[in-house]
Every structure is written in structure tokens, then in C-alpha cells.
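Peer 1: Each chain is listed here by its residues.
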Amino acid sequence: MDKRPFTIASFDQFLAEGKFMGMKCSKCGAFRIPPKPMCSQCYSTELEWVEMTGKGTLSAYSCVAVGTTMMVEEGYDRKNLYCTGVISLEEGPRICAQIIGADSNNPESIKIGTPLKVGFVERGKGEERRTYLAFNP
Amino acid sequence: MARKLNRGVAIVGAGMSKFGAFPDKNSRELLVEAFIEMMGSIDKGIDPKDIEAFYFGDAAGEAFEGQGHTAPIMGDWLGLLPIPCVRVENACASGSVAIRQAMLSIASGMHDIVLAGGAEKMSNLSTTRVTDTLADFTDVYSERSAGFTFPTAYASMATAYMAEYGARPEHFMMVGIKNHRNGALNPKAQFNSSILDIMNSKISKAKGKGGAIPTWKDEMDFLHDEGANPIVAWPMRLFDCSPISDGAACVLVVAEELVRRFTDSPLYIIGSGLASCGPLHDRDRLTSISAARVASQQAYEMAGVKPQDIQVAEVHDCFTIAELVAMEDIGFYEPGTAYKAVEEGATALDGPKPINPSGGLKSKGHPISASGAGQVVEIWHQLREEAGLRQVPIKNLRLGLTHNIGAHGSTCSINIFERR
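Quick note, the sequences are listed as chains A and B, same order.
Under our numbering, the residue at position 61 of the first sequence is numbered 61, and the numbers go up by one with no gaps.
To convert, take the position in the second sequence, counting from 1, and add 137; that gives our numbering.
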């Protein structure tokens with residue numbers, strides 16, 4: 001079992017290794033993604049890392065024309081929209097992530113309920129470049 | 138068990154600056170304008186030296202104006218030093234939470250006469266920097282990192298709402314049309330014009346220039362034009378989003394024993410609720426904000442009234458979808474039915490359940506920390522039947538409600554007012 005602390009830094013390290021890991025409370029079974037050092041449902045600190053299947057469905061989304069600086073620097077703008085949203089994971093919890101490979105310039109073509117599979121996306125320049133969670137149709 | 142205040146608390150004065158984009162005014166100067174109007178609204182007058190404390194809503198003074206520790210600075214500008222000046226930060230709910238803190242300080246017995254309000258100066262920054270600053274109010278580790286902006290969070294709720302209930306983007310547009318019509322009657326509104334006025338003015342300008350003249354048939358046709366109403370975060374378009382605004386608003390809150398010294402037409406705060414929730418993906422539903430359901434329940438129980446008793450409401454329509462979600466969360470409409478009520482005109486100024494007679498954040502403007510106090514200023518005018526052209530035509534007006542959201546629902550502050 002992985003002994004890494006239940007921190008966002010660990011979660012990010014896993015992403016950089018191409019792994020989508022969730023925190024599961026050993027006491028009450030609740031998932032926390034990204035992780036918290038204490039279960040915010042039952043206050044237990046008996047926690048474990050679980051590798052998520054990475055399968056889920058799209059529950060909510062938006063195609064964004066006016067993004068944050070991070071997304072603008074990745075080349076997204078009014079002519080080149082990006083899709084992001086809420087994914088319901090097979091294991092139960094939900095998570096927000098960019099949806100790569102969706103037809104972002106045709107938002108109406110994207111359907112809620114679409115099956116998705118985990119992917120990863122790198123963003124940022126120089127030392128700030130790192131891996132973020134993403135999903136693909 | 139319904140909570141009650143240890144003593145009654147009422148609003149005896151309210152004022153706001155005009156909302157808009159004012160390159161030559163900072164938040165202090167706008168707050169002074171609101172303060173002067175508030176002082177003038179107190180029917181029997183007040184010596185400002187009698188004010189004992191000041192709760193100042195300020196979400197992002199550092200980001201917008203490079204100014205921290207803003208409360209005492211504002212207190213200085215208002216001539217209130219050395220009284221306690223306390224900054225309250227709950228994102229876009231800061232203004233109404235400041236009013237709640239004033240209420241609590243009076244109910245506790247610590248103070249009798251307290252000023253509360255908020256101010257924001259947003260138009261200094263570029264759209265991208267405003268987008269970044271507002272995105273900082275989402276969870277930076279799970280939402281902002283996924284590329285969420287503020288409009289994105291509400292747009293995501295909108296796609297979930299459409300899929301679950303069968304609403305269409307046109308229903309969001311109807312909210313905007315309604316709020317702009319109300320704002321056209323509000324001289325303090327940033328957009329003091331209906332969408333029809335805006336459309337016709339663009340047509341006149343095109344005719345003046347001698348170029349191609351747009352052929353929009355009506356407001357809906359105009360709103361469907363990508364050129365006139367571009368996507369911000371689909372399905373939220375420009376006219377679904379509240380603007381970038383500067384403005385300030387404040388109210389004077391006093392203990393019930395002192396009310397008649399100031400006015401014979403006060404607004405008692407008879408119900409108050411405040412609740413919180415987590416990031417979008419951790420919520421029980423994506424088409425509702427649980428903090429708003431919890432806070433409104435608290436407020437109704439404390440006030441001993443029901444949603445159907447409320448005669449006029451100002452709700453947090455930072456985006457058009459937000460107004461629909463608000464209408465359902467505060468119990469005015471069953472889940473999934475608010476969009477039909479808007480389509481039927483039920484929430485128009487002359488409808489049975491008028492919502493956002495001021496024009497709402499959409500049309501009046503959304504200087505984020507001032508907005509919650511601005512809502513209370515509107516309810517003050519409406520319940521005292523001093524709202525002029527936008528006065529709701531309801532007989533025996535007595536009960537009003539404000540619904541103010543911080544971030545994308547992480548905070549919800551509800552207050553219920555009774556004119557006595």
C-alpha cells in the first residue's frame with residue numbers, strides 16, 4: 001500500500017506518474033478527491049489510497065470562451081473554446097476536470113451522460129508546468 | 138428549533154451609489170456617496186458620531202485596488218474613527234453577511250447603532266484579471282485547476298439543469314430580458330436600459346455609420362446572434378452574465394428600542410440564515426445550492442413565515458441560471474419549475490411573485506461586495522413604497538427577502554424583512 005501522505009501534493013505527484021488516485025476513508029468508506037488529511041465525514045485519520053478505475057460519465061459541463069490566464073496561455077480563446085465539467089466516477093464520487101477531445105466549439109453536440117475515461121493534461125510554462133487531471137470521451 | 142434574536146433589530150436608513158464603471162472613482166469615494174444617501178434616508182436624521190461600529194463587506198480589495206485592511210480606511214473616509222471597523226469576507230455575499238454581523242452585534246447587546254455595507258471597484262482590471270480574481274473564489278485545487286472560471290461553475294449548473302428539467306437557453310435569456318426591463322426603470326442601474334433599447338441603439342448606430350444594418354426581429358433574435366451576444370461559458374452568453382461593476386451600498390442597523398428615534402417606517406430583520414457548502418462536485422445536487430436551501434429554511438423558521446408569504450425578493454442573479462436555481466432553493470417554486478414561471482411572466486414586476494425589481498445583479502450591476510447590501514437597499518425602497526417607476530404593484534406590502542450568494546454557492550446569506 002502506498003504510504004504517501006494524504007495531501008494535494010501527493011495527489012499531484014500521482015497525476016505526474018499517470019495515476020489517478022483517490023483517498024478512501026478506511027472507517028466510513030467515503031472517498032475524498034482530491035484528498036484531505038482527515039475524513040471530513042467521520043473525522044477518521046485511517047485513510048488509504050485507492051487507484052480509481054478512471055471510468056465515469058459527464059454530469060455537467062461548459063465550453064469556455066473567456067478563460068483564466070492559465071487557460072488563455074494554453075491557447076484557448078473565443079475562437080478555440082475548452083470544455084470542462086463535473087464527472088461522476090464509477091466508484092461514486094464526482095470530480096471537476098477538463099474534458100479533452102470533446103467538440104468544444106460545438107457545445108450543443110456534447111451530451112450529459114457521455115461515458116468518459118481518465119486522461120491527463122499538462123499545462124503551464126517552465127517550472128510551473130505540471131500534470132492536471134483530465135477526461136476523454 | 139428556530140433561533141430568535143435576543144432583541145429586535147431594524148434597518149432605519151439605506152443608501153447606494155450608482156452602480157457602473159467609473160474610471161475616476163475608487164471604492165472609498167463610492168462608499169461615501171452611498172453613506173451620504175443613507176444618512177439622507179433616515180426620516181428623523183442622525184448624528185453620525187452616534188454610530189458605534191462598522192461592518193464592511195470586502196471580498197477582494199487586494200486584488201482589485203491593491204488595498205488590504207480596508208475596513209478602518211473606509212471608516213476614516215466616513216468620519217467614523219475610532220469606532221471598531223471590521224472587514225467581512227464571504228466573496229460576493231460579503232455585503233449581506235456584514236449586515237448580518239451588524240445585526241448579531243446589536244442582538245448581543247454590545248452595540249445599539251451600527252453601520253454595515255460593502256463596496257467594490259472592479260473596472261480597474263482587464264477582463265482576464267477580473268476572471269482570475271473571481272475564479273480564486275472557487276476551490277483552486279479542484280475547480281480552478283480544472284479550468285473553471287466563475288461563469289463556468291454556473292454554466293455547468295445550467296447544463297445539468299437543462300438535462301434534468303428540459304429547460305432551454307431561451308429560458309435563461311428570458312431572465313435577462315426581464316431583469317433588464319426592471320433595470321431600465323432604476324436610475325442607479327449600470328444598464329439603465331432594456332435589451333430592446335440596447336438592440337435598437339445598436340441598429341441606430343449602424344444606420345449612422347452607413348454600414349450593414351442588423352436585421353434582428355426582436356430581443357430573442359438579438360440574443361441568439363453570436364456577434365451581439367457572444368458565448369462567455371456556454372450556455373452562458375454575455376447577456377446571461379452580470380457585468381464588471383464599481384459601486385457601494387450601506388444601511389444603518391439599530392436596536393428596536395431606538396427605532397422610533399430615527400423613523401416611523403423601519404424594516405425589521407425578522408429572519409436571517411447563513412450556510413455554506415463545498416465545491417460543485419461535492420454537492421448533493423448540481424441543479425441546486427444546498428447552502429441556499431439550508432439558509433432559507435433557517436430564515437423562514439426564525440421569521441415564522443413561509444415562502445408564499447414573501448411579497449418581493451431580490452435574489453443573486455450573477456448569472457441568469459442563478460436566478461432560476463435561487464427561485465427553487467428559497468422555496469418559491471418546486472425544483473425544475475422556475476423556468477416555466479419565468480416564461481409565464483410570474484416573476485415580472487407586475488407578476489404575482491416579483492423577483493429582482495431593481496434589475497438584479499444582471500442589470501443593476503454586480504460590484505461584488507456591495508451587491509448584498511444593494512439588495513437590502515432595494516427591499517428598503519420597495520417595502521416603504523418609495524421605489525418610483527419600478528415599485529411592485531402589490532397592496533399591503535410588508536414582507537421582503539434577500540438571497541445573496543458568495544462564490545458559486547459556497548456561502549448563502551438570506552435575510553427576511555418586515556416593514557412595521
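To be clear, the hints were calculated from the coordinates, so they are not data collected in a lab.
These numbers were taken from a predicted model, which means no experiment stands behind them.
Using N, Cα and C, we set each Cβ at its ideal position, and we do this for glycine too.
There may be inaccurate statements among the hints.
Here are some chain A residues pointing at chain B (derived, C-beta under 10 Å) [to be verified]:
1. V50
2. M52
3. L81
4. T84
Peer 1: What are the numbers of the hints that this structure violates, sorted from low to high?
Peer 2: Violated hints: 1, 2; rest satisfied.
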